Amino acid sequence: MMRLEAVGRRFGDEAARWVLAGIDLVLQKGEFVCLVGPSGSGKTTLMRIIAGLDRPDRGQRQVSAPPPRIAMVFQEPRLVPWLTTLDNLLLVIGPHETSKARALLHLVELDGSEDSYPGQLSGGMQRRLALARALSIEPDLLLLDEPLVSLDPALEERMGYVLQRYWLEHQPGVIMVTHDPRQSARLASRIIGLSPGKTGLTLNEQLAGPPPGRRSDHDEASVIRRLVNAYPNLPIAS
Amino acid sequence: MTALTLHISRTGRLSSWLLRIASLIGLLVAWQVAAQLADDPGLLPTPAATAAVVIEQIHSGDLLFHVGMTLLRVVIAFVGAMLIGTAIGIVMGRNAGIDMFFDSWLVVALNVPALVTIVLCYVWFGLTEAAAVFAVALNKAPTVITILREGAKSLDESLLEMAEVYKVPRSRILRRIVLPQLAPSLMAAGRSGLALTWKIVLVVELLGRPNGVGFEIRRFFNFFDIAGILAYTLVFVAVILVIEALLLKPLDRRVTKWRQSQA
Chain A
197 MMRLEAVGRR FGDEAARWVL AGIDLVLQKG EFVCLVGPSG SGKTTLMRII AGLDRPDRGQ
257 RQVSAPPPRI AMVFQEPRLV PWLTTLDNLL LVIGPHETSK ARALLHLVEL DGSEDSYPGQ
317 LSGGMQRRLA LARALSIEPD LLLLDEPLVS LDPALEERMG YVLQRYWLEH QPGVIMVTHD
377 PRQSARLASR IIGLSPGKTG LTLNEQLAGP PPGRRSDHDE ASVIRRLVNA YPNLPIAS
Chain B
20 MTALTLHISR TGRLSSWLLR IASLIGLLVA WQVAAQLADD PGLLPTPAAT AAVVIEQIHS
80 GDLLFHVGMT LLRVVIAFVG AMLIGTAIGI VMGRNAGIDM FFDSWLVVAL NVPALVTIVL
140 CYVWFGLTEA AAVFAVALNK APTVITILRE GAKSLDESLL EMAEVYKVPR SRILRRIVLP
200 QLAPSLMAAG RSGLALTWKI VLVVELLGRP NGVGFEIRRF FNFFDIAGIL AYTLVFVAVI
260 LVIEALLLKP LDRRVTKWRQ SQA
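Those protein sequences? They're chains A and B, same order as listed.
Take any residue in the first sequence, note its place counting from 1, add 196, and you have its number in this note's numbering.
Take any residue in the second sequence, note its place counting from 1, add 19, and you have its number in this note's numbering.
Honestly, I wouldn't trust all of these hints.
Taking lysine to aspartate or glutamate and the EDC-like style, the derived pairs with C-alpha atoms no more than 20 angstroms apart in a straight line are [unchecked claim]:
1. A/Lys296 with A/Glu365
2. B/Lys276 with A/Glu310
3. B/Lys276 with A/Asp311
4. B/Lys276 with A/Asp283
5. B/Lys186 with A/Asp311
6. B/Lys186 with A/Glu272
7. B/Lys186 with A/Asp283
8. B/Lys186 with A/Glu293
9. B/Lys186 with A/Glu334
Honestly, the hints are just simulated from the structure, not real lab data.
Given the structure is predicted, the values throughout are model-derived calculations rather than measurements.
Model the full structure from these sequences, guided by the hints.
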């Protein structure tokens with residue numbers, strides 16, 4: 197679906213440090229990739245390059261034909277403040293898709309907020325609306341930049357479940373930036389680590405064993421253990 | 020909204036209306052006093068004498084015709100200047116290269132006196148209706164461009180990026196994301212523009228049209244008829260105030276509705 201070859205990106209002049217260097221990455225439909233790494237390791241930059249919002253200074257980004265439909269949940273919700281909750285969804289799926297939009301609002305537990313403006317929603321509600329917007333276009337590739345932060349634990353669990361169910365049913369490619377090892381252990385079919393200071397990917401682990409959605413607590417614990425062992429420097433201590 | 024805030028906003032609106040009316044009465048009183056001090060109806064007629072001229076002109080049908088003609092020119096030139104100015108302003112605001120290239124042109128355009136544009140248009144295109152309206156629009160457009168350019172420069176990039184990722188159609192981006200952000204600029208350009216436009220239309224009419232308020236004012240000037248000049252001016256100012264109150268203010272409230280709902 198998408199292939200990155202020797203992708204590098206730096207900000208500033210020739211002397212600037214490479215934020216990303218030599219990234220090789222193949223993304224397949226149906227993969228659930230978790231992207232981990234400390235702040236400043238280029239996770240967001242990599243996501244922006246995959247989304248096509250940023251151009252690499254080196255290497256190239258190739259997409260399959262026809263190009264995949266891409267949806268992205270940004271770190272901040274990026275809702276349109278003068279459009280109601282419902283209109284924020286209709287903006288991306290078209291003005292006649294009201295019933296679909298309502299169903300999505302129900303999915304993320306925002307029933308009854310159709311006519312509220314984003315400024316009237318709590319931070320967690322805004323994040324869920326951003327998630328609903330991403331799912332609304334039925335993406336082939338779903339990019340999630342820490343989509344579940346600032347949700348309370350129970351809600352985070354339920355939204356993780358919504359994400360997982362969507363993934364199991366539609367099999368899009370998913371790339372999710374997360375700091376939470378439990379989340380990656382529960383959801384990921386592959387975990388990619390980025391480290392600052394070094395160049396490129398430093399962890400690219402194909403997770404063996406039961407696929408996400410059928411993992412037991414024991415399986416998840418073993419994934420977390422492997423993650424921590426492989427990456428003592430990553431801020432993923434549970 | 021609670022009962023208390025409703026009460027406060029109602030009394031607030033009431034007292035602001037009272038203040039406006041008091042201010043208008045104050046203006047009339049000052050005029051009356053000045054007219055009595057001048058003691059020469061030929062030089063400065065009283066408000067009552069001016070009102071009599073207004074009524075007489077309305078009865079004869081002249082006033083409605085000339086005010087109508089002027090208003091028509093104002094509307095056409097205003098809408099034209101707003102449309103063209105907005106389009107150019109957005110392009111300049113969103114494209115640094117084009118902005119840099121045309122910036123000095125804009126400075127020139129802003130500083131050419133209205134009279135020069137009008138005279139040149141009449142000379143080049145003849146004493147026609149099209150030349151008149153075009154000259155007015157040409158005077159107004161640079162201010163619209165300047166205001167809209169600044170508005171377009173400060174568009175929220177993060178929302179445009181979001182729309183880009185989600186492949187939102189361009190026309191929808193313009194209507195739903197860009198224009199709402201430009202609403203304050205559009206309102207500013209519109210409100211300042213209406214006043215400017217009608218003043219320039221009067222000059223255009225004075226110089227080269229066979230009708231309209233400007234034409235009438237020149238006729239009154241030839242006969243040294245101050246009451247007539249004041250009568251037409253008052254009526255036209257009133258028309259513009261009505262447009263402002265009934266059209267522009269409600270529009271302003273509508274486009275800022277989402278902001279109020281957050282308060």
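Results of checking the hints against the structure:
Our distance criterion of 20 angstroms between C-alpha atoms is met by A/Lys296 and A/Glu365, whose separation comes to about 17 angstroms. Taking the CA atoms of B/Lys276 and A/Glu310, the gap is about 16 angstroms. The hint holds against a cut of 20 angstroms. Annotation: proposed proximity of B/Lys276 to A/Asp311 holds, straight-line Cα distance about 13 angstroms (limit 20 angstroms). For the hint pairing B/Lys276 with A/Asp283, the CA-to-CA distance comes to about 15 angstroms; that is within 20 angstroms, so the pair holds.
In summary, the hint linking B/Lys186 to A/Asp311 is not supported, as the alpha carbons are separated by about 24 angstroms, beyond the 20 angstroms threshold. This hinted pair checks out: B/Lys186 and A/Glu272 have alpha carbons roughly 19 angstroms apart, not beyond 20 angstroms. Straight-line distance between C-alpha atoms of B/Lys186 and A/Asp283 comes to about 16 angstroms, which keeps the hinted pair within the 20 angstroms bound. Restraint check: the Cα-Cα separation between B/Lys186 and A/Glu293 comes to about 16 angstroms, which is no more than 20 angstroms; the hinted pair holds.
The straight-line distance between the Cα atoms of B/Lys186 and A/Glu334 is roughly 13 angstroms, inside the 20 angstroms bound, and the hint therefore holds.
Violated hint for the displayed structure: number 5, the only one.
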